[in-house]
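Novice: Construct the complete structure from the given sequences, taking the supplied hints into account.
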Amino acid sequence: MIPARRFARLGGLLAAALVAATLAAGCSSGSGASVTITEPWARASSAMAAAGAAYMTIENTGSEADALIGAASPAAETVEVHETVAMGSQAPGASAEGGMMGMQPVARLEIPAGGTVELKPGSYHVMLIDLTQELKPGDEIEITLTFEKAGEVTVTAEVRES
Amino acid sequence: MHSRPRPAGLGLRTLAFILAVAAFTAACGGGAGPVSSAPASPASSPAPVATAPPLGVRETAYDPARPAPDLRLTDQDGRPFDLASLRGTPVLVYFGYTHCPDICPTTLADIRGALRLVEEPVGVVFVTVDPARDDAAAMKQYVDYYQAGFVGLTGTEAEIAAAADAWGVAYRKLDSTAAAGYAMAHSTEAYLLDAAGQLRHHLFFGASPELIAERIREIAG
Numbered sequence: 001m002i003p004a005r006r007f008a009r010l011g012g013l014l015a016a017a018l019v020a021a022t023l024a025a026g027c028s029s030g031s032g033a034s035v036t037i038t039e040p041w042a043r044a045s046s047a048m049a050a051a052g053a054a055y056m057t058i059e060n061t062g063s064e065a066d067a068l069i070g071a072a073s074p075a076a077e078t079v080e081v082h083e084t085v086a087m088g089s090q091a092p093g094a095s096a097e098g099g100m101m102g103m104q105p106v107a108r109l110e111i112p113a114g115g116t117v118e119l120k121p122g123s124y125h126v127m128l129i130d131l132t133q134e135l136k137p138g139d140e141i142e143i144t145l146t147f148e149k150a151g152e153v154t155v156t157a158e159v160r161e162s
Numbered sequence: 001m002h003s004r005p006r007p008a009g010l011g012l013r014t015l016a017f018i019l020a021v022a023a024f025t026a027a028c029g030g031g032a033g034p035v036s037s038a039p040a041s042p043a044s045s046p047a048p049v050a051t052a053p054p055l056g057v058r059e060t061a062y063d064p065a066r067p068a069p070d071l072r073l074t075d076q077d078g079r080p081f082d083l084a085s086l087r088g089t090p091v092l093v094y095f096g097y098t099h100c101p102d103i104c105p106t107t108l109a110d111i112r113g114a115l116r117l118v119e120e121p122v123g124v125v126f127v128t129v130d131p132a133r134d135d136a137a138a139m140k141q142y143v144d145y146y147q148a149g150f151v152g153l154t155g156t157e158a159e160i161a162a163a164a165d166a167w168g169v170a171y172r173k174l175d176s177t178a179a180a181g182y183a184m185a186h187s188t189e190a191y192l193l194d195a196a197g198q199l200r201h202h203l204f205f206g207a208s209p210e211l212i213a214e215r216i217r218e219i220a221g
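Protein chains in written order, with the working numbering: chain A, 1 to 162; chain B, 1 to 221.
One or more hints might be untrue.
What the hints assert, rightly or not - In silico lysine-lysine, DSS-like type, Cα no more than 27 Å apart, as pairs: (1) Lys136/A <-> Lys140/B; (2) Lys120/A <-> Lys149/A; (3) Lys140/B <-> Lys173/B; (4) Lys136/A <-> Lys120/A; (5) Lys120/A <-> Lys173/B.
Unchecked claim - Some chain A residues flagged as far from chain B (calculated, every beta-carbon gap over 12 Å): (6) Val35; (7) Ile69; (8) Thr154.
Since the hints were derived computationally from the structure, they do not count as laboratory data.
From the three backbone atoms N, C-alpha and C, an ideal C-beta is built for every residue, glycine too.
Specialist: Structure (structure tokens):
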């Protein structure tokens with residue numbers, strides 16, 4: 001007869017094995033990759049402007065982490081993902097709100113499994129460099145985002161004043 | 001400073017900010033920085049709007065008001081400009097640069113939104129921290145786009161450095177591999193002056209058009 005305690009340990013092992021199997025299944029196929037993009041919009045901008053910006057919410061509905069690794073749009077020659085960040089300031093009292101803010105390119109933006117990453121003013125944004133057209137309020141532009149696992153996803157972003 | 005969005009860290013962030021302002025007030029009496037040790041709490045601010053979720057404190061008041069530093073540079077038409085010429089109306093002064101895709105357009109759009117909410121004429125002065133790329137023509141193209149009568153100021157590197165110093169604005173060039181060329185890090189506050197040219201409010205990035213409009217009405221009334 002197997003003691004109850006050993007039974008419990010076996011059960012625990014079985015559960016762990018099941019979890020591992022499930023995780024492995026999620027990793028081994030592409031079916032676990034899935035991103036949903038909501039509320040894409042681009043800020044109205046003159047065609048002469050050095051750069052425009054687009055924002056959206058990216059949700060990873062899949063069971064594995066994914067990452068945004070590239071972007072393109074017919075509305076711009078080059079599209080990059082950037083992050084606006086608080087920069088170290090020598091000024092006393094510097095803070096995210098009161099200090100300097102700068103910008104850095106983001107080559108790989110991780111979207112955790114089941115997680116959501118918001119691209120919004122003052123944070124992550126899609127930078128539209130060398131616009132090929134004026135972005136007029138009410139216009140719609142296409143942006144194709146490339147994800148490590150989910151591949152290419154094209155969204156239609158509405159142009160808004162703010 | 002941790003730069004990732006921290007949706008749950010609002011309380012700590014706000015507290016840290018208030019402490020930082022208090023430390024600043026204690027340590028620094030010079031420049032154009034705020035002298036108030038009692039920034040308005042988020043609770044006393046107008047209801048946040050959907051486009052500008054609260055990230056923390058959005059403003060400090062100058063109490064008492066104090067004369068704004070001089071600002072004499074070159075406007076978007078290549079003419080000499082003196083901030084004193086705008087006496088008689090409230091004025092918003094903001095430092096940025098035209099290659100700025102996120103912070104500056106967001107702030108200028110919020111300011112334009114505020115101007116649409118108020119009856120009073122308001123002067124808006126956008127000063128570049130990137131004179132190497134922002135000549136008068138670049139400033140003209142940039143401010144004219146907003147069709148809101150904004151003034152765009154540029155000058156020599158030395159003139160811009162002196163103006164930024166007088167206003168307590170920090171900026172520096174960032175090395176970048178981005179296709180758009182280099183970016184600038186810069187202070188992102190807007191300064192609200194009353195009709196007498198006194199500094200009254202210091203508005204941080206993310207201050208909503210409603211909040212900016214309310215402050216304009218207060219100082220105009």
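Novice: Indicate, hint by hint, whether the structure satisfies it.
Specialist: Hint-by-hint comparison with the structure:
{"no.": "1", "hint": "Lys136/A <-> Lys140/B", "in the structure": "19 Å, holds"}
{"no.": "2", "hint": "Lys120/A <-> Lys149/A", "in the structure": "23 Å, holds"}
{"no.": "3", "hint": "Lys140/B <-> Lys173/B", "in the structure": "22 Å, holds"}
{"no.": "4", "hint": "Lys136/A <-> Lys120/A", "in the structure": "19 Å, holds"}
{"no.": "5", "hint": "Lys120/A <-> Lys173/B", "in the structure": "23 Å, holds"}
{"no.": "6", "hint": "Val35", "in the structure": "18 Å, holds"}
{"no.": "7", "hint": "Ile69", "in the structure": "16 Å, holds"}
{"no.": "8", "hint": "Thr154", "in the structure": "21 Å, holds"}
Of the numbered hints stated above, none is contradicted by the structure.
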